[in-house]
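Residue numbers (the working numbering), protein chains in the order written: chain A, 3 to 187; chain B, 13 to 77; chain C, 227 to 499; chain D, 37 to 574.
Hints are computed from structural coordinates only; laboratory data are not their basis.
Accuracy of the hints is not assured; some may be wrong.
As the list claims (entries may be wrong) - In silico contact screen, one side only, chain C against chain A (beta carbon under 10 Å); selected entries:
#, residue
1, S305
2, I442
3, Q458
Said to hold, decoys possible - Below, in silico cross-link-like pairs of lysine-lysine (DSSO-like), each with a Cα-Cα straight-line distance of 30 Å or less:
#, chain 1, residue 1, chain 2, residue 2
4, C, K321, C, K381
5, D, K189, D, K146
6, C, K321, D, K146
7, C, K481, C, K381
8, C, K381, C, K328
9, C, K321, A, K175
A virtual CB, placed ideally from N, CA and C, is assigned to each residue, including glycine.
Here is what each chain is made of, one letter per residue.
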Amino acid sequence: MSDRSHEIPERWILHTELLWAFGVGVLVAATISIIVFTALTRNINPPSNVERVDPKTLHLSGEFAEQNLGTVVAADGTVTARIIATQFMFAPHCIAVPQRRPVTLRFASPDVIHGILITGTNVNTMVVPGYVAQVHTEFTRTGELLMPCHEYCGLGHSEMWANVQVLPAAEVKPDRDGRVTCAQH
Amino acid sequence: MPADQPRAADNPFEEPDDIDEAALTAVLRTVPLGAAVLAGGAVALLVLAYLLIYLWIFLPRGVVG
Amino acid sequence: MAEPSEPRAVDRLWRIWPSVAVVAIVLTGALLGILIIPVVQGRSAGIDAFTAICRALGILPGSPASPQIPNRNPPTPVSQVVWTPSVLQILAEAKPERGRAKVQEVCTACHGEQGVSVSPEFPNLAGQSGTAIYKQLNDYHTGSRTNPLMTDIAKALDGSTIADVAAYYAGQPMRNPNPYTLGAPDAIVQLVELGDPNRNIPPCAACHRQGAGGPIDAPVLAEQRQEYLTSQLKMFASGQRRNDVYGRMRAIAAKLTDSEIDGLAAYYRAGLR
Amino acid sequence: MRNTERLCLAHLWLAFAAFVGAAVLGAWQMWVRSPLGAHTGTPGDYYMSVTAHGVAMAYVLSTFFIMGFGYFVAVTALNRPLPGKGWAWAGFVVGVIGVLMALVTIGLGKASVLYTFYPPLTASPWFYLGLVVVVLASWVWCVLMLVSLAAWKRENPGRPVPLAMFATVANAVLWLWTTVGLAVELFYQVLPAALGFVQTVDVGLSRTLFSWTLHAIVYFWLIPAYIAFYTMVPRAAGGRLYSDTMGRLTFIFFLIYSLPVGLHHLLMDPEHGNSFKFIQVLLTAFVAAPTVLTIFTIPASLEIAGRLRGGRGVFGWILALPWDRPMVLAAGLSFVMLFFGGLGGLINMAYGMNAMIHNTAWVTAHFHLIYGGTSVIMYFAIAYEIWPRLTGRQHQSLAPLRWQLWLWFVGMMVMTLPWHWLGLQGQWRRVANFNYDNPIIASWGPLVIVSLAGGLVLLASALLFVRNLAVLHRSVLPAPTRSLYALAVDPPRRVPAALNGFGLWNVLVLVVMLLAYGFPIAQFVVAPSPSAIVHRTE
Numbered sequence: 003m004s005d006r007s008h009e010i011p012e013r014w015i016l017h018t019e020l021l022w023a024f025g026v027g028v029l030v031a032a033t034i035s036i037i038v039f040t041a042l043t044r045n046i047n048p049p050s051n052v053e054r055v056d057p058k059t060l061h062l063s064g065e066f067a068e069q070n071l072g073t074v075v076a077a078d079g080t081v082t083a084r085i086i087a088t089q090f091m092f093a094p095h096c097i098a099v100p101q102r103r104p105v106t107l108r109f110a111s112p113d114v115i116h117g118i119l120i121t122g123t124n125v126n127t128m129v130v131p132g133y134v135a136q137v138h139t140e141f142t143r144t145g146e147l148l149m150p151c152h153e154y155c156g157l158g159h160s161e162m163w164a165n166v167q168v169l170p171a172a173e174v175k176p177d178r179d180g181r182v183t184c185a186q187h
Numbered sequence: 013m014p015a016d017q018p019r020a021a022d023n024p025f026e027e028p029d030d031i032d033e034a035a036l037t038a039v040l041r042t043v044p045l046g047a048a049v050l051a052g053g054a055v056a057l058l059v060l061a062y063l064l065i066y067l068w069i070f071l072p073r074g075v076v077g
Numbered sequence: 227m228a229e230p231s232e233p234r235a236v237d238r239l240w241r242i243w244p245s246v247a248v249v250a251i252v253l254t255g256a257l258l259g260i261l262i263i264p265v266v267q268g269r270s271a272g273i274d275a276f277t278a279i280c281r282a283l284g285i286l287p288g289s290p291a292s293p294q295i296p297n298r299n300p301p302t303p304v305s306q307v308v309w310t311p312s313v314l315q316i317l318a319e320a321k322p323e324r325g326r327a328k329v330q331e332v333c334t335a336c337h338g339e340q341g342v343s344v345s346p347e348f349p350n351l352a353g354q355s356g357t358a359i360y361k362q363l364n365d366y367h368t369g370s371r372t373n374p375l376m377t378d379i380a381k382a383l384d385g386s387t388i389a390d391v392a393a394y395y396a397g398q399p400m401r402n403p404n405p406y407t408l409g410a411p412d413a414i415v416q417l418v419e420l421g422d423p424n425r426n427i428p429p430c431a432a433c434h435r436q437g438a439g440g441p442i443d444a445p446v447l448a449e450q451r452q453e454y455l456t457s458q459l460k461m462f463a464s465g466q467r468r469n470d471v472y473g474r475m476r477a478i479a480a481k482l483t484d485s486e487i488d489g490l491a492a493y494y495r496a497g498l499r
Numbered sequence: 037m038r039n040t041e042r043l044c045l046a047h048l049w050l051a052f053a054a055f056v057g058a059a060v061l062g063a064w065q066m067w068v069r070s071p072l073g074a075h076t077g078t079p080g081d082y083y084m085s086v087t088a089h090g091v092a093m094a095y096v097l098s099t100f101f102i103m104g105f106g107y108f109v110a111v112t113a114l115n116r117p118l119p120g121k122g123w124a125w126a127g128f129v130v131g132v133i134g135v136l137m138a139l140v141t142i143g144l145g146k147a148s149v150l151y152t153f154y155p156p157l158t159a160s161p162w163f164y165l166g167l168v169v170v171v172l173a174s175w176v177w178c179v180l181m182l183v184s185l186a187a188w189k190r191e192n193p194g195r196p197v198p199l200a201m202f203a204t205v206a207n208a209v210l211w212l213w214t215t216v217g218l219a220v221e222l223f224y225q226v227l228p229a230a231l232g233f234v235q236t237v238d239v240g241l242s243r244t245l246f247s248w249t250l251h252a253i254v255y256f257w258l259i260p261a262y263i264a265f266y267t268m269v270p271r272a273a274g275g276r277l278y279s280d281t282m283g284r285l286t287f288i289f290f291l292i293y294s295l296p297v298g299l300h301h302l303l304m305d306p307e308h309g310n311s312f313k314f315i316q317v318l319l320t321a322f323v324a325a326p327t328v329l330t331i332f333t334i335p336a337s338l339e340i341a342g343r344l345r346g347g348r349g350v351f352g353w354i355l356a357l358p359w360d361r362p363m364v365l366a367a368g369l370s371f372v373m374l375f376f377g378g379l380g381g382l383i384n385m386a387y388g389m390n391a392m393i394h395n396t397a398w399v400t401a402h403f404h405l406i407y408g409g410t411s412v413i414m415y416f417a418i419a420y421e422i423w424p425r426l427t428g429r430q431h432q433s434l435a436p437l438r439w440q441l442w443l444w445f446v447g448m449m450v451m452t453l454p455w456h457w458l459g460l461q462g463q464w465r466r467v468a469n470f471n472y473d474n475p476i477i478a479s480w481g482p483l484v485i486v487s488l489a490g491g492l493v494l495l496a497s498a499l500l501f502v503r504n505l506a507v508l509h510r511s512v513l514p515a516p517t518r519s520l521y522a523l524a525v526d527p528p529r530r531v532p533a534a535l536n537g538f539g540l541w542n543v544l545v546l547v548v549m550l551l552a553y554g555f556p557i558a559q560f561v562v563a564p565s566p567s568a569i570v571h572r573t574e
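Next up, chain A with everything else stripped away, as it sits in the complex:
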């Protein structure tokens, strides 16, 4: 080993590296702090809901029976939409939701893994057989949006999508038992 002595000691290099690591550490901490801040103040989380449901008997359940799917406005004004993601379609095919009102979307799958996103919004979740996926959100913009299945679920995956209509508050007209359906156009 050719031994050399020079006045840049090895510790000076280590010093610059530590300075650099500290500097960038502050910047990376900024990315984490905005996550923690919005989590604390605006309740922003990834959608999580460890609620187990047996996929094999899902179609026998009350909550996810065919008649109970779609959007329902409860007496106390809470808006809940229940949607089934099954091999190669969503039930119901079109979901109407109010604008600027807290909405809870509940998804379940009786067969394989699916996943949903609503274009242009932050609604996104995997739909794993065995669990009820739940997303709490508020739709900021009205319009006809697309809700595709974004997780490979079989050969019909490309044809599996549904529509979401974000209706202004005035056009949300629940029927007798609070159900809101899409406007046919």
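For chain A, the structure is supplied; the task is to place chains B, C and D on it using the hints.
Frame of chain A, contents of chains B, C and D only:
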């Protein structure tokens, strides 16, 4: 195919490159400045882009939780 | 950090600092993730700290930031068949010979000894998937599906007999010349192979081809009676037949035009492996 | 090279053969999902191709390149023969068998479940057995790396391990830790289901076990690029490595922080609570630490080279760098792609913001930029650098090599930048044929065509790459004897024990995995999720 005897290329330790020490020491006086500015700028740009996307694209799309 | 001279101290230093750093990072994450964020979020949604922490950990269902929604809707299932390992076990252990006896006694009159039906409005059962036959017979048994002839017959069968009959017909060989040789129109082949994404119609092959990975009770449609297929699709479209879970077939059939229904029935009459 | 050339070449040629095949499939997929190729091919064809493209790129190209490159480093960096060369050949043959088992099963259409296989969808058992055999073959390589390091350390007590070998062994240790998740999932859940012993699968557990592997495997792929950054690029540019200690720390950080962060692939999953998702998001921020060190240390090393070649001013050294040398050019292009891929990653990992782009084209853009871009362009540069030493022949001219690198860079940028925008619009993944009649999807058409153009450029670059290597085998120029590995500014005389071995770091990985993954996995052992019926796709 080359024979199996060890050749200079195989032995990295006795591998003095043709950099002379004086030039290296002179260069080392200013070296990490350029890298620090380049990398620092890149990371700052990255974090800025992250914050802009967070505030101007993510939050306006509505809360999620 | 001051550099102690002898190497052993340096090594010890290098052993302590990284361990402290790593554990500290994880504990900070735990402090924020398990305690601070859930409790603060819970307070804003009127959820007590303990429940919020349990929800954030995944011990209780629900989000720490929103109340959970109760549901009191009564179940109204369209089919009682539940695919559990025990049911699949019954099917796996079914005896085709026992099934043959019941078939000769009851089924041959319409569905034929080998499962080739005697007239166009009765379905062929030769080589049909055992799970598909099991489901339909069970639906007839429970009344989820009704038919003037089948309802009484099915009511007289119990679970294991249904499995034996299903195993028997599933064992019958299916004669299915490849449809491409019989020249089905392109539009129909495209519906079978590609479906129609614009109308939300998945490819028929995605569920009805053997080994496609679709629902396990989806019948294999190779070499089926044309009139039977046409009538079933029309019954799905009108909602008269509604034993398809979550209305999969009802939704698709309602979107098919009459010419497409006839074309598909003709396509599958020729058979598809 | 102590006659391991044929062993390395065998591994590398298998890797690049799988690569060029998968590149062709990738280009076909870009065509079929674009408006130009709508309605060509059935969903069965498309998902067969996606599975083959994923398996070939993610399991064959990566694993066999890393094994071949690892054997090369073990022999040249340690300057001693490879122990157990027979085992290495046996491992290679077993690996080839595994690859054939998997790819043939995919080709027969019996394994269209994609390379991340989504139970309860279950393919033919031969597909999973093929993957298991490839993993076993890679474990043989890991053991040989550990054995050769141990032998070297016995022969050189107290001397610092050469950085290239230190990093390669770090990668081997990381890989052994990584494959635990995949192995448990395959042996305990997926294979019994595929073989028909069980009819159901606990999907929550299988996704959690796969997430254990899913992130650490991408660092297993990335580390060879970082080995090239730290040990080859400084010498190729005519400079010195700025800090050897930072090099060792980078690979140690990779080992510790790439493992306990897998849950950021499951942020949108319902089977985990927010707490452990947050803990693993915080740990993911620390997995950026090695990259943070590298984007300072390597430019500093290049700055030394640039200034030695007369570069003036703050950025003058950049222009003074020998960009005509493939290794230097590849490093520069790789860093640019790392910038864009890094931004994609920052957004992906941001806890709640993941909901904006999960499973959209944004994610596809991220991993094509980081793996397909940053890592694979360095695989090319490493191949160009070590091929002369393996074949004893020199490239006739460096121009086609530079062309190939530039084409790969341009193709990758043109393909992935539109995907970022499409991902924000909600374009979701793995669609066999898009419904271009729908107004929202129709608005994506033009950008999909732009990314198709990028895909075709990538295909051209892939074919040119294989041509450049094949031509080298017949070149008449003798290989140069210039050395390969960079010297540090201050070559380490004595390195703290912690930076010369992996004993401490294995303990820390165990501790941090227990803390980060203990509860998430234990919850399925204590209360298994309701099981889902297996859906066979044979």
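Structure-based check of all given hints:
no.	hint	result
1	S305	7 Å, holds
2	I442	8 Å, holds
3	Q458	18 Å, violated
4	K321(C) / K381(C)	20 Å, holds
5	K189(D) / K146(D)	47 Å, violated
6	K321(C) / K146(D)	29 Å, holds
7	K481(C) / K381(C)	33 Å, violated
8	K381(C) / K328(C)	14 Å, holds
9	K321(C) / K175(A)	56 Å, violated
In summary, the structure is inconsistent with hints 3, 5, 7, 9 from the numbered list given earlier, while agreeing with the others.
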